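Protein chains in written order, with our numbering: chain A, 27 to 221; chain B, 27 to 221; chain C, 27 to 221.
Hints listed in this document are in silico derivations from the structure and should not be mistaken for laboratory results. The hints are all genuine.
Quick list of simulated restraints, FRET-style, between CB atoms: (1) Q54(C) to A212(B): 21 to 31 Å; (2) A212(C) to I98(A): 22 to 32 Å; (3) G175(B) to V116(C): 22 to 32 Å.
Pairs of lysine to any residue, SDA-like flavour, derived with a Cα cap of 25 Å: (4) K173(B) to V168(A); (5) K173(A) to C165(C); (6) K173(A) to V168(B); (7) K173(A) to D162(B); (8) K173(A) to L110(B); (9) K173(B) to A102(C); (10) K173(A) to E167(B).
These figures come from a predicted structure and were not determined experimentally. Note that the Cβ used here is the ideal one computed from N, Cα and C, for glycine as well.
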Amino acid sequence: MIPVATALDYGSVVIFALTGALAASRSQLDLAGFVFVAALTAVGGGTVRDVLLGRMPVFWVQRPEYMVLIAIAAVAVFFTAHLLESRYRVLLWLDACALSVAVPAGVAVTLATGHPAIVVLIMGVVTGTVGGLMRDVLCNEVPLTLKQGELYLSCAFAGGAMALLAGWAGFGLPTALLACAGVTFALRAGSILWG
Amino acid sequence: MIPVATALDYGSVVIFALTGALAASRSQLDLAGFVFVAALTAVGGGTVRDVLLGRMPVFWVQRPEYMVLIAIAAVAVFFTAHLLESRYRVLLWLDACALSVAVPAGVAVTLATGHPAIVVLIMGVVTGTVGGLMRDVLCNEVPLTLKQGELYLSCAFAGGAMALLAGWAGFGLPTALLACAGVTFALRAGSILWG
Amino acid sequence: MIPVATALDYGSVVIFALTGALAASRSQLDLAGFVFVAALTAVGGGTVRDVLLGRMPVFWVQRPEYMVLIAIAAVAVFFTAHLLESRYRVLLWLDACALSVAVPAGVAVTLATGHPAIVVLIMGVVTGTVGGLMRDVLCNEVPLTLKQGELYLSCAFAGGAMALLAGWAGFGLPTALLACAGVTFALRAGSILWG
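Okay, chain A solo, but in the shape it has when bound (with noise of 0.2 Å):
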């Protein structure tokens, strides 16, 4: 992977696992239980595609040290997640930038295997979501995924196609990257705070 593609992995990995220790908060698991749902939120998306795409051993088996990041988000919110004002909120805004992430990583992870576009698309969705999706499934939330007037999946599939367009008009991969996060975000934000 290109160094724009390693930073995005990364950042959403640990971003989701943030969250995903959030929702554990909420659901007032313990230790164990925060590294758990962490690890499935941040993890979820990503291993979920490399199966489909048949990349085995998945991503994070071949570099541990993703874990022992998930880990460390994982304890950290252990320790200072009674400190939040609202802990859904953060959840809210937290999981917006990691789905801004996820999507051009995963895109990124396809383009470089060669399938076609519509697959290219199909996996930056299921990157950006299914780690989100598991987290809420989980913890017996309505998942953010499908719930009403959040616009999620539409967010994803905008940022993809995003991606795909910039990709098409003859801009660079870092540069139809960052459009595709950019776009994802700025549609998921627009969605919390007018949606």
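Dock chains B and C against chain A, hints included.
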């Protein structure tokens, strides 16, 4: 795959996509939600089968036209579902049709891999039932697969067993697959009508 | 696999199958439902482990006798569960036994692949907990894995860590696996009795 198996495969994907979109409609999702649930329902069973068997990348990654068909089905339901008198009734019967073509499709794919009969039977059931199970869990409906009195899994098992019996009795593959589809549908229809 | 690991593997599959069938009984499913939930619970954790590690086809596809054992266990529970005074109590203790053999089984399989210690630990936890998690989600019970006060995940983590420590301390694999099983069961039993 031989023509009969291919026809069963496309048929089950499109019909399951329609049921997924109808479930999305019952959950009042937006257009992206229709496409997402339709896709998960349509390819869920075959995807899990392919992963278990190690056939990767999974079938629809190699043939992106599946996703195009699914998107068309989802959009069509999005604009017409409100015209239906009882979306659940239509969903129930379409689901019975989809099950009856997905079980033989799963049997055909697994037979071609040379695995033993019990694995063929299991993969027929998995291909037929897992997509609908994901649809119901995601849309927060009681899963048809496990609902009391539906005999859903029994129909899938009986259909798969019929295919194996027809094969052992010396019938050709197309006949065995059609017998499988017939038995599955007859039992499922009986269960819906008199269950 | 060496004999101890093989014994652990078969043991965890059969005991988890019994817990799955008991959960099916609590949900009043039919016989096919018993077999389905028993199978999912019994092989769910090991299947996810194999997929993550890229060991495909997954373990039970290559050894169909697993499914025969699971079907026998499910049928046996189907005809006897009504004789039990408290199915939940039996389920709870069988689940503790299954966890205690599944964690070392997962550790043994992953050790043999040469992955780093953190991956071995994670795969022990995944093998031990994912099948039961699927069982509970499917049967609409609060997942034991995440239930407050159960310390379920902590027991699995501690058992896996014990296996690694015993290995580093120079003990042979059979000793390390037995220590892992012992620690997992002791902690889990303590949590059930005094948790």
